[in-house]
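Chains as they are written, first to last, in UniProt numbering: chain A, 1 to 242; chain B, 1 to 475.
These are computed hints drawn from the structure, not numbers from a lab. Hints are not guaranteed to be accurate.
Per the computed footprint, the stretches of chain B lying under chain A, defined by three or more beta-carbons under 8 Å from a beta-carbon of chain A, are [unchecked claim]: (1) 23-37; (2) 316-322; (3) 337-347.
Backbone N, C-alpha and C define an ideal beta-carbon position, used for all residues, glycine too.
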Amino acid sequence: MTDTNSTERPTVLVPVRVLDGDGIPDGVPELLGNAHVVVLGYHVVPDQTAPGQARLQFEDRATDRLAEFATMFEAAGATVETELVFTHEKQQTIDRQIRDHACHAVLVANATRPPERVLVAVRGTIGSSRIARVVAGLFADTDAAVTLYHLAADDESDTDAETMLGAVRDRLVDRGMDEDAIALEIGREDGPRAAIADAATSYDVVVMGESEPSLATFVFGMAADDVAEQFLGPVVVVQRDP
Amino acid sequence: MADTDVDVSTEGTNAVGDEPADEPSHVTEETTVHEEAQLERTIGLVGGLAIGIGTMIGAGIFVFPGLAAGNAGPAATLSFGIGGAIALLVALPASELATAMPRSGGGYYFISRSMGTGYGAVVGLGLWMGLVFASAFYLVGLGHYATAVLAEVGVTLSLDPVIPLALLFAVALTALSIAGTENTTKIQNVVVIVLLVILTAFLSYGSLDALGVFGRESAPGTLFSQGYFPVLQTAALVFTSYLGFAQVATVAGDIKEPSRNLPLAMVGSVLIVTVFYVVTIFVATSAFGADRLESFGETAMVEVARDFLGLPGAVAILVAGLLATFSSANASILSASRTVYALSRDALIPRRASDINLRYGTPHIALLAAGGPIAVLVATGQVELLAEVASFLHLVMYALICVALLALRRRDPDWYDPSFEMPGVPVLPATGALASAALIVFMQPASIVVGVLVMAVSYGWARYYADDVQLKGDF
Numbered sequence: 001m002t003d004t005n006s007t008e009r010p011t012v013l014v015p016v017r018v019l020d021g022d023g024i025p026d027g028v029p030e031l032l033g034n035a036h037v038v039v040l041g042y043h044v045v046p047d048q049t050a051p052g053q054a055r056l057q058f059e060d061r062a063t064d065r066l067a068e069f070a071t072m073f074e075a076a077g078a079t080v081e082t083e084l085v086f087t088h089e090k091q092q093t094i095d096r097q098i099r100d101h102a103c104h105a106v107l108v109a110n111a112t113r114p115p116e117r118v119l120v121a122v123r124g125t126i127g128s129s130r131i132a133r134v135v136a137g138l139f140a141d142t143d144a145a146v147t148l149y150h151l152a153a154d155d156e157s158d159t160d161a162e163t164m165l166g167a168v169r170d171r172l173v174d175r176g177m178d179e180d181a182i183a184l185e186i187g188r189e190d191g192p193r194a195a196i197a198d199a200a201t202s203y204d205v206v207v208m209g210e211s212e213p214s215l216a217t218f219v220f221g222m223a224a225d226d227v228a229e230q231f232l233g234p235v236v237v238v239q240r241d242p
Numbered sequence: 001m002a003d004t005d006v007d008v009s010t011e012g013t014n015a016v017g018d019e020p021a022d023e024p025s026h027v028t029e030e031t032t033v034h035e036e037a038q039l040e041r042t043i044g045l046v047g048g049l050a051i052g053i054g055t056m057i058g059a060g061i062f063v064f065p066g067l068a069a070g071n072a073g074p075a076a077t078l079s080f081g082i083g084g085a086i087a088l089l090v091a092l093p094a095s096e097l098a099t100a101m102p103r104s105g106g107g108y109y110f111i112s113r114s115m116g117t118g119y120g121a122v123v124g125l126g127l128w129m130g131l132v133f134a135s136a137f138y139l140v141g142l143g144h145y146a147t148a149v150l151a152e153v154g155v156t157l158s159l160d161p162v163i164p165l166a167l168l169f170a171v172a173l174t175a176l177s178i179a180g181t182e183n184t185t186k187i188q189n190v191v192v193i194v195l196l197v198i199l200t201a202f203l204s205y206g207s208l209d210a211l212g213v214f215g216r217e218s219a220p221g222t223l224f225s226q227g228y229f230p231v232l233q234t235a236a237l238v239f240t241s242y243l244g245f246a247q248v249a250t251v252a253g254d255i256k257e258p259s260r261n262l263p264l265a266m267v268g269s270v271l272i273v274t275v276f277y278v279v280t281i282f283v284a285t286s287a288f289g290a291d292r293l294e295s296f297g298e299t300a301m302v303e304v305a306r307d308f309l310g311l312p313g314a315v316a317i318l319v320a321g322l323l324a325t326f327s328s329a330n331a332s333i334l335s336a337s338r339t340v341y342a343l344s345r346d347a348l349i350p351r352r353a354s355d356i357n358l359r360y361g362t363p364h365i366a367l368l369a370a371g372g373p374i375a376v377l378v379a380t381g382q383v384e385l386l387a388e389v390a391s392f393l394h395l396v397m398y399a400l401i402c403v404a405l406l407a408l409r410r411r412d413p414d415w416y417d418p419s420f421e422m423p424g425v426p427v428l429p430a431t432g433a434l435a436s437a438a439l440i441v442f443m444q445p446a447s448i449v450v451g452v453l454v455m456a457v458s459y460g461w462a463r464y465y466a467d468d469v470q471l472k473g474d475f
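Isolated chain A (complex conformation):
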């Protein structure tokens, strides 16, 4: 799939609480101007309420808001699809939409200024082609400077890490990015989440891979959400190959 549509826009899912949320934060439509955006308007109802019951009452208002959001993304240059879902389980709905639309990435939407400095957290070779696909798709035509960041393990030498990041840079260049706009950085601190959030203070956008489904992420929530919380800017979470 990645190869056949590699020249097309990456598909990015933007989940929004359609009725009681704050809408689309500033700068987010511009950030995704080169993407195919799936705007997922969701409304979570308690167990006592049938989702269909919420639909009867709120569908019109939700449809109107969703149309407004779609217009914002279109105005920024994106192609747009919208989905409206009434649900008991937010995460289940988001996961299904990622599958149904074969999304390359999910955006944790926070306000941003026009993206000038993009931090891309690379964990390893696995999954890096999808990260490259998304990063090049979003930023190849822009003036944004991209920093590829790798948090090295204790037994990993700088040379190994540089080789790995260099390979990702080559992929980006293959996909039309300017080599001069790409910097490499190797971090050596404890705790990947804190380190990523720390390094991100001087950037506008973070792109990172989806964390492994483990007991830790199940209990504490997705790592990306933690990052987004500390970072306060938008986080693009690249999905594993389906």
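Use these hints to put chain B onto chain A, whose structure you have.
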């Protein structure tokens, strides 16, 4: 993924000019799809089983053993067996219909779409009231258990606290379901699992004891000590213990992979509770004999547990009884609220009845439409009458579910494409319909009168309010 087209079109307007809400365009294993919006299915097999078992198990084990043994003697075991067999005969056609029409409203939805508005209204309004009666019955049972707890800790009161406590629970439960934001489905799952663990331990011990493993004499008793006829009467009375499986279908719109999970949850929950009921009555009558069991009344199981395991046994069964009757009442209130929603969606009652309040996101009017009448019925304190009327109204629906299945199989309209097909058509559904109707005959006259009255008022209401509304699918 099997996408089922929903090709049932509704039309007409009711007395205030409302039309039935639009039907979905199709149904997938994960969602119900409308033109502009999707409805996520979020209840899995465990959740479905928990609704079925959680609704049923409160009554059969924790309220009826004393009453049933008094009426039928040790043959009460057979009464529960008969009830289980009839429930299974209805669970099969209900499963087939549910996989063809996995939408909220359950039995009401199947019957209104296959037999028309009149039958639909009688069944739908009857189901709402049936759940109200059932819930009131469970709450009175809960009152008995709470009273037994008070007695156990040595609190003595001048007046009998059963009904006041039951009323208190009715109000609390309604308030909780309106304002509660906790994850009720997950709590229900945990409650059911805890219950099944306690019961399995208790019944395993009790069965071994009844079979003489621990060298005790079990209480003697002739199987049919009260004769044959009371066995059937008792089957009619205790049928309230089997009303839960159809509640799975009232949330059919929320069930994931409905083609697989709906039949498994409905048939599975009937089979599981039948085994538990039969073993419970066997153990209880073996331990004490029918007459002494009867003298213990609604909380007879506590005394059985005390006899086996002393105070810890009694405490375990008290806790289980509180949990079980509470979860039955809670599940029934929520099902009643879903039924009100299904009726208002179809313009058979005012649309406002399913309004959601903005503060809690819950359907407060529908929940009050369940909780209000429940409180009134609880105040009557008539355990057997409440149970029988609940059974009556459900049995009418069950008989019609069987008839609906026969009609759909015969005419076989294009839109009818169930992924689960029950075996033995037409013999089994015909037997189910006849058996459901026959059980009604064995009820007390008062229960039959109240039940018929509810049906008559329902039909009158439908003629007055929604005479023009067409709900029947194309045949």
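Hints and how they fare:
no.	hint	verdict
1	23-37	holds (count 6)
2	316-322	violated (count 0)
3	337-347	holds (count 4)
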